[in-house]
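Engineer: Listed here are the chains, written in short residue letters.
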Amino acid sequence: MTKEIRRAAAAITLAFVALTGGLIWWQIVRAGALNQQPGNPRVIAATERTDRGTIFAANGAVLVSSEPAAGGGYQRIYHDRTLAATLGYLSTRYGVAGLEDTLNRHLSGQTGGSARDQIVSDLLRDAPRGNDVVLTIEPRIQAAAAEALGDRPGAVVAIDPRTGAVLAIVSAPTYDPNRIDLDAARLLLDPGRPLFNRATQGQYPPGSTFKTVTAAAALDSGTHARDARFRCPSGYAVGGFVIACKGIPPGTRDFDFAHAFAWSVNATFAEMAVKMGAGALIQTARALGFEERIPFDIPLTVSRLLQPGRSFDDVLLANTGFGQGELAVSPLQMALVAAAVANDGMLMQPRLVYEIRSPDGEVLERHEPAAIRRAMSPETAATLRGFMETAVREGFGGKAAVPGVRVGGKTGTAEIGAGAQTHAWFIAIAPLEQPSIAVAVVVERGGQGSEVAAPIAGAVLKAALGR
Amino acid sequence: MGVLLRERWQERSLLLFVAAGTIAAMAELEGALPELPVDIWAAGLVFLLAVTAAHLAVTVLAPRADQTLLPMTAMLAAIGLIFVMRLEPDQAMRQLQWNGIGLVAMVTALALLGDVQWLRRYKYIAAAGGLGLMLLTAVFGREINGSRLWLGIGSFYFQVTELMKLLLVIFLAGYLADRRLLLRAAVRRWRGVSLPALPYLAPMGLIWVLTFLVLIWQRDLGATLLLAGVTLLLLYVASGRTAFVIVGVSLVIIDVLIAYHLFGYVQGRIDVWLHPFSQSDAAGYQITQALYAVANGSVLGAGLGRGMATVIPAVHTDFVFAAIAEDLGMTGAFGLIALYLLVVLRGLRVTLRQPTDFGMLLALGCVGILALQALVIIAGNLALIPITGITLPFISYGGSSLLINYVLLAVLLRLSSLETDRIT
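Order-wise, the sequence lines are chains S and W. Using the working numbering, you'd call the opening residue of the first sequence number 1008 and step up by one each time. Using the working numbering, you'd call the opening residue of the second sequence number 290 and step up by one each time.
Honestly, the hints are just simulated from the structure, not real lab data. Please note that the accuracy of each hint is not assured.
Short, incomplete list of chain S residues facing chain W, as computed with Cβ under 7 Å [what the hints assert, rightly or not]:
| hint | residue |
| --- | --- |
| 1 | M1008 |
| 2 | A1017 |
| 3 | I1019 |
| 4 | F1023 |
| 5 | L1030 |
| 6 | W1033 |
| 7 | Q1034 |
| 8 | L1041 |
| 9 | N1047 |
| 10 | G1254 |
| 11 | P1256 |
Since the model is a prediction, treat every value here as computed from it, not as a measurement. Built from N, CA and C at the ideal position, the CB exists for glycine as well.
With the hints as constraints, model all of the structure from the sequences given.
Structural biologist: Here it is in C-alpha cells:
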C-alpha cells in the first residue's frame, strides 16, 4: 500500500499547488479587471475613503473640495453651481460624471508618485490623497457669463484664442451637485435636462453664425475675393426653392462682402456655397473641427455638417451655406470657429485643465498650448475679423459692443421648424487689435440672436476685458 | 507531574508561536475594527487556555503522539475564530464554544481510542449507523437553505453528513483491511481486461448508490463529492488498482450528469460556476462578490479587518477563504494553503508509519477527509469547481464540522503514538 499512498500524496500535493494557480489567476492576472467592474462595491467605497484632490479655478479659487464626512471618509463639496454640468458629480448611488469622472485617475491619486511610493502607502494603508487639478476657468468671466444667461436654457463658452484655454463654460439650467444623491431621480426626469452639458453636448443648427465658415471657405478657396461685390434683386433660386434677400437696407443696388456678412444676407451665402461647391465648404469646416472627434477634457459631441449617411445636393448646400441645412453644432465648436478667426487662422487645442499638482504642490503635469492645425490663411482670418467688426458696428451685432473696445461678432437666428421659436446665437471676438477672448452664446428658443444672444456676449467681453 | 515537564517540548514551543500569532492578529483586528461587538481579547484568551489544556491532556494521554498536528490545527482554529469574529461577530461566541466542545471531544476520543484496533470490529455498526442517520435525516431532517442536512433534538441541531464522514472512514478502513489481499489477488478476466472480483465490490457499489442518494435527498453536492472522493482514495490504496480510480471518477461524473439533468439546483450551481459574471445580480452574486474580494486582496492583502468580504452572502460558512484572500492577500492565502498541505503531509507520514493495514487505512481516511474538504471548498471559492457547502476545516463557522474535525485529529494523534518504523 505504501506505493499507492505515496502516489496519492503526490496527487494531493499537486491539487494544492493547483489552488495557488487559482490565486495567481484572480489576484494578479484578473485583479485589474475585477477591481474596476462596476458591480464591485470596492470601486464605490474607494471613492468615499479617498481624500480626493481639490479642483481650482485659474485664479486659485476652490471649485471642488473634499471635506471629512460625519461618518468617516470624505465628502465632495461643490462651490460653483454654474459649472455643475462641467465639473460633474461623484455619487455612490448615481456614479460619477463630468471632470470628476474624466479626471478620476488624478483626483483619486491613482497616478503620480512612483511605484515605490504606492507600495509604501499600501503597506502603511494610508488613506490615499488625490492630486489637485487647476482649471483654465476664470471665475470673473464664468460669473458674468452665468449671470448674463440666467435661467434661460442655453450655453456660453469663452475661449482664449491664443491658447485654447476655456475661460468660461456655462450650461443652463443648472443644478446643485451637493444634493445629487437626493435630487438625481428628479433631475433625470426634468424636461429642462439640467444634467446635460449643453456647451459640449448640445447639438444646434448654428444659423447665420455659420456664415463665418462659409465666408472663410469662399476666401480660402479663392472663389470669392475680399473685395467681391454682390447684388440681390430677387432672391436666389435653387432646386425650386427661392432664398430671400432679407437684411439689405432698402434702395441698396449692390453691396460688398463685409456688408453681405454684416447684414447676414441668406441668398448671397447660399449662392456662395453652391458656387464654391461642397468640397471647399467641407474642407474648411473640417479644418475648423467639424466632423472630427476633438480631444477635450470632458466628452465633446462631434459637430456635423450632415446627418450620417447623407451627401450634399445643391439645395442642401445652399441651406448649409447660411447655417441651416442639417448642421448640428455644439456651442464649444462655434467658439472654436471664432477663436480660429481671432488667432490668425490657427485652431488651438481646447482645454479645461491647466495643470495637475501633487498634494505637496509639485506640478506633475502641465498642459501647454498646442495647435491643432491651421484652419484658414492669416489673410482670410484678418479679412473675417474686418467683416465681424462691420457686423457689430453697422450690422445686427450692435448689442455686443463694448465701449472703447473694437469688437467683432456674428449673429445667428437658427430656425428649428415652422412655428417654433428660433435659437438665438452670437459669436464674438475682442479686442480686434489682438484678440484675447472668443465667445459663443446660444439661447434655446430665445428668439433673435441680435436681441437675445448679442447682449450676453457683450457682458462676457466686458467682464473679460475689465470694462 | 513529571511527564508534563519532560514530554512534548516541540509541541509546547510551536503552541507558543501560535499564541504569539493569535495575539498579534487580535491586536490588528481591534485596531482595524474597534467597534466590533465582541470581546476579542476575552475570546482569544479563552481559546488559548483551552488549547493549552488540550496540550497538557495530550501530554498525559499520548506523550509519544505527533507533536506538530495539534499546533497546526490550533493555528487553523485560531484563524477561524479570528475570521468569524471579523466576519460574523454575532456567531463568534458559538464558534468559541464549539472549539471548546471540539477540544474536549478530541481529548475524550484520545482517551477512549486505546490501541484503535478495536474499532475495526464495529465497521458494520458504523455503516448501519450512517445509513440510519441518513434515513432519519431524510424523513425528519430540517431543511436549511434548500438542503435537508440537519437533524435536531430540541434546539440542538447537528449536520448529519459531518458524522457520516467519520462513520464512512471507520467502515471503509475495516472493510478494506479485511479484504485487501482478496481485492489485490482476485481478478476476473473479460476479453483481455482484468476486472476486480465483483462479489468483493458489492458493498462499494452500495456506497456509490448511497452517496448518490445523499445528493438527491439531502441536496448536498459537496458532501457527495467528499464521501465519494474518500471512498475512491481508500479503495485505490487498498486494491492498488488504477482501474478503480478511472471507474470511480466516471461514476461520479455520471452521478453529477444525472443530477444536472434531473435537478435544477445542481444545474444552477454548475451554470453559475461556468458563467459567474453573466448573472452577477442574481444566482452568480455570491461567487462574483467572492471573486471581487479575492481580486482585491492582491499580493499583500487589504489588511486584517480592512477588506469588504462581509458583502458576500454566507461568507463565514462558505466563503471564509475568499475573505482571508482579501484581508491577508496572496501572501496569507498561500500560507494558509501551505498550512493545510503541511497538516496533510504530516498526516500521510503518520499513515505510512502504521503497523497495521487497518491503522493505515483509518489514518488515510482521516487525512483524506481533511484534505478533500480543504481542496473542494478552496477550489470552489476560487471558481475552479462549482461552489459547495463544504466547510473549510477548523476555520469555517459550524459546530458539527468543528467537532468531527477535532475527532479526526484525535484519531490521527492516537494512531501517531502507535507508529513503528515498519516503513520509512
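Engineer: Now tell me if each hint is right for this structure.
Structural biologist: Tested hints:
1. M1008: Holds. Min distance 5 Å.
2. A1017: violated (10 Å)
3. I1019: holds (5 Å)
4. F1023: Check passed: Cβ of F1023 of chain S comes within 5 Å of chain W, closer than 7 Å.
5. L1030: holds (5 Å)
6. W1033: holds (5 Å)
7. Q1034: Because about 5 Å separates Q1034 of chain S from the closest Cβ in chain W, which is inside the 7 Å limit, the hint holds.
8. L1041: holds (4 Å)
9. N1047: holds (4 Å)
10. G1254: violated (60 Å)
11. P1256: It is violated, given that the least Cβ distance between P1256 of chain S and chain W is near 68 Å, above 7 Å.
Hints 2, 10 and 11 from the earlier list are contradicted by this structure; the remaining hints agree with it.
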